[in-house]
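*Asks:* Next come the chains, spelled out residue by residue.
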Amino acid sequence: MIDKIVQSMADAMAGIEDGATVLIGGFGAVGQPNQLIDGLIEQGAKDLTIALNNAGVGRTGVARLMDLGRVRKVICSFPRSSDPVVFESLYKAGKLELELVPQGTLAERMRAAGAGIPAFFTATAVGTRLGQGKETREFDGRTYVMEQALPGDVALVEAWQADRWGNLTFRESGRNFNPIMAMAAKLTVVQSQHIVELGELEPEQVVTPGIFVDRVLHVPYGDPPTF
Amino acid sequence: MPDTAVAEFKPLSRTEMAARAARDIPEGWYVNLGIGIPTMIADHVPSEREVIFHSENGVLGMGPQPPKDQVDPWLINAGKQYVTLRKGGSFVHHADSFAMIRGGHIDLCVLGGFEVAENGDLANWATSENDTAPAVGGAMDLAAGAKRLWVLMEHTTKDGRSKVVHRCTYPLTAVGAVKRVYTNLAVLDVTERGFVVRDMAPGLSFEALQERTDAKLLQG
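As you go down the protein sequences, you meet chains S and X in turn. All you need for this note's numbering is the position in the first sequence, starting with 1, plus 2. All you need for this note's numbering is the position in the second sequence, starting with 1, plus 1151.
Derived from the structure by calculation, the hints contain no laboratory data. No experiment lies behind these values; they were computed from the predicted model shown. Be aware that a few hints might be false.
[As the list claims (entries may be wrong)] Calculated lysine-lysine pairs in the BS3-like style (CA-CA distance at most 30 Å, straight line):
no.	chain 1	residue 1	chain 2	residue 2
1	S	Lys97	X	Lys1330
2	S	Lys75	X	Lys1231
3	X	Lys1330	S	Lys136
4	S	Lys94	X	Lys1309
5	S	Lys136	X	Lys1298
If we strip away everything but chain S, and leave its shape as in the complex, we get (with noise of 0.2 Å):
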């Protein structure tokens, strides 16, 4: 019987190695896999690379992980947040690399990655900063940039349903990244706030079928914050 749902957080995060890329969904508050983040905290796998929307906010879950040092490099589009404080100091101290993505770009990078699609070529950020040093090549007329597939060693992802199988479903907007994320990696994480009977879920509503999915966590926190 396939059983992707692990019991505990130790098992959850079991085999994360040192120098990992980690991919962690999420967009603001929503959808963000926070009790997965402090799992990975206590875990203690270090010099990783994350890639996520945000560089963390305030001093918990990803900020957390950045000020406690084990993060070399910071792929994301939107670093600045309400309250990007480790962020900025690390950064300003040169202790942590940045690498700057337009958020289509950084998405897609991570669907062609779950694709099998080594590269490809998007308009987006021809002429500019973000385009600098990348191979172009023109296609009836217009410009575009060659971007490289973002595969994670892990992803870390918020479900809203998900079965022993993996399939899951997503609440609203907390669907974001988390889907192509979970494309994205060898080891994908989930943290679902129900657990349901396989068969449970309509076949048309599944949003990720389980085969992009490794592990499931039951963490039924609630709602996420709000301000």
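Here the structure of chain S is known, so what remains is to put chain X in place on it, guided by the hints.
*Replies:* Below, chain X without anything else, positioned relative to chain S:
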């Protein structure tokens, strides 16, 4: 000598700027609004005119902000504000959301700007070569990918420097992408000949507008 022109015209307020741009958005368009004044445009499109608003974080068919006691903590827009979903709305993941943008499916994107140049270049994401924490978000995708790019911004900086320029000095967001600019002083089309004035704030003369503008303007 006092600048008499200042007394004779009234620049548009931010609300009026948003309303002015909203007037030009027809029913049926799929529209992405940037953070800041552009977000306010949605409040000025009458609900009977069906315009479908898109937000980069995977929301298509976004509705207005909810009252504080009816906030849905799972439903935010790209500015991380709480929003609602209209009937017929849908959620997608980030790659599909940006496929809508980069694949040319979004009819119109309206962004804020630091500078717009007469060749259509836009600078709106970084103000120097060594920003402490440069952040780009989806601006470059939207500018390069939407069918039309409009910019909604004040005509000048707080210290009076024109943001409508001959050439951008700040790092570019996109090259030759802007089609139209709405400011508190004027509506300008970007054409092959440069900026063409389509509309001006009430009481403002072409000469007074040119005086406040770095780029050379053409009468429409």
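*Asks:* Compare the structure with the hints numbered earlier in the document and write down the numbers of the violated ones, lowest to highest.
*Replies:* 1
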